[in-house]
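**Q** Each chain is listed here by its residues.
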Amino acid sequence: DAGVTQSPTHLIKTRGQQVTLRCSPKSGHDTVSWYQQALGQGPQFIFQYYEEEERQRGNFPDRFSGHQFPNYSSELNVNALLLGDSALYLCASSSRGRSVQYFGPGTRLTVT
Amino acid sequence: KQEVTQIPAALSVPEGENLVLNCSFTDSAIYNLQWFRQDPGKGLTSLLLIQSSQREQTSGRLNASLDKSSGRSTLYIAASQPGDSATYLCAVKANAGGTSYGKLTFGQGTILTVHP
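Keeping their order, the protein sequence lines are chains A and B.
Position 84 of the first sequence, counted from 1, bears residue number 113 in the working numbering, the numbering being contiguous throughout.
Position 114 of the second sequence, counted from 1, bears residue number 169 in the working numbering, the numbering being contiguous throughout.
Hints listed in this document are in silico derivations from the structure and should not be mistaken for laboratory results.
Wrong hints could be hidden among the right ones.
[To be verified] Cut-off 25 Å, straight-line C-alpha distance, at most; resulting in silico cross-link-like pairs (DSS-like, lysine-lysine):
| # | chain 1 | residue 1 | chain 2 | residue 2 |
| --- | --- | --- | --- | --- |
| 1 | B | 97 | A | 55 |
| 2 | B | 56 | B | 123 |
| 3 | B | 97 | A | 42 |
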């Protein structure tokens, strides 16, 4: 059983560019959450998707947007990249009615 | 606003020692609390989850306790090994109307080093 997968593993972008990160949830899971983890910090909640809708959002600007597809996979889009967006982006999936969130390996984004 | 604090920020111990990691949170209206392990540059591995109605959970050499009224949790690691070296994070989930949905709020983690 494949766990949560994320792509790409690493990404280098220039300030002002746009980026799309992808996540496939664990089999049987229908809810996807995205987190940003800066170096030396705990992860910060960006947003959560269920039934293809954003259900909850953390304190992130509108430059951060997402999407969930009918097969429950998800994308995180970040526009107008800033140096401060450099971080490890983590995707977590869970199943309705169950509390445990399973995390993927993350995408390391570097903005230069 | 929920805030989670972990103490100590870093801990270095010799192999074989028993140790305790601490986590405190400001809002006691939580749905559950979860302890994670993170190896450098990697994702998070769930270690233990404690529901708000529970007092503790055990898995192998790990034991986590929860005192919701005082806003505290501890992770006890018995007979530590060099392979236990990692960052340990605790996270709380808000009680979103009694549902399992909702964000996790993380502490900054405790960096554990176990030396031979």
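**Q** All the hints need checking, so say for each whether the structure fits it.
**A** Now the hints, each set against the structure:
For a cut-off of 25 Å, the pair hint linking residue 97 of chain B to residue 55 of chain A stands: about 17 Å separates their Cα positions. Proposed proximity of residue 56 of chain B and residue 123 of chain B is supported: the alpha carbons are some 16 Å apart, at most 25 Å. As the CA atoms of residue 97 of chain B and residue 42 of chain A are separated by approximately 20 Å, the hinted pair is consistent with the 25 Å bound.
Hint check: no violations occur; every hint is consistent with the structure.
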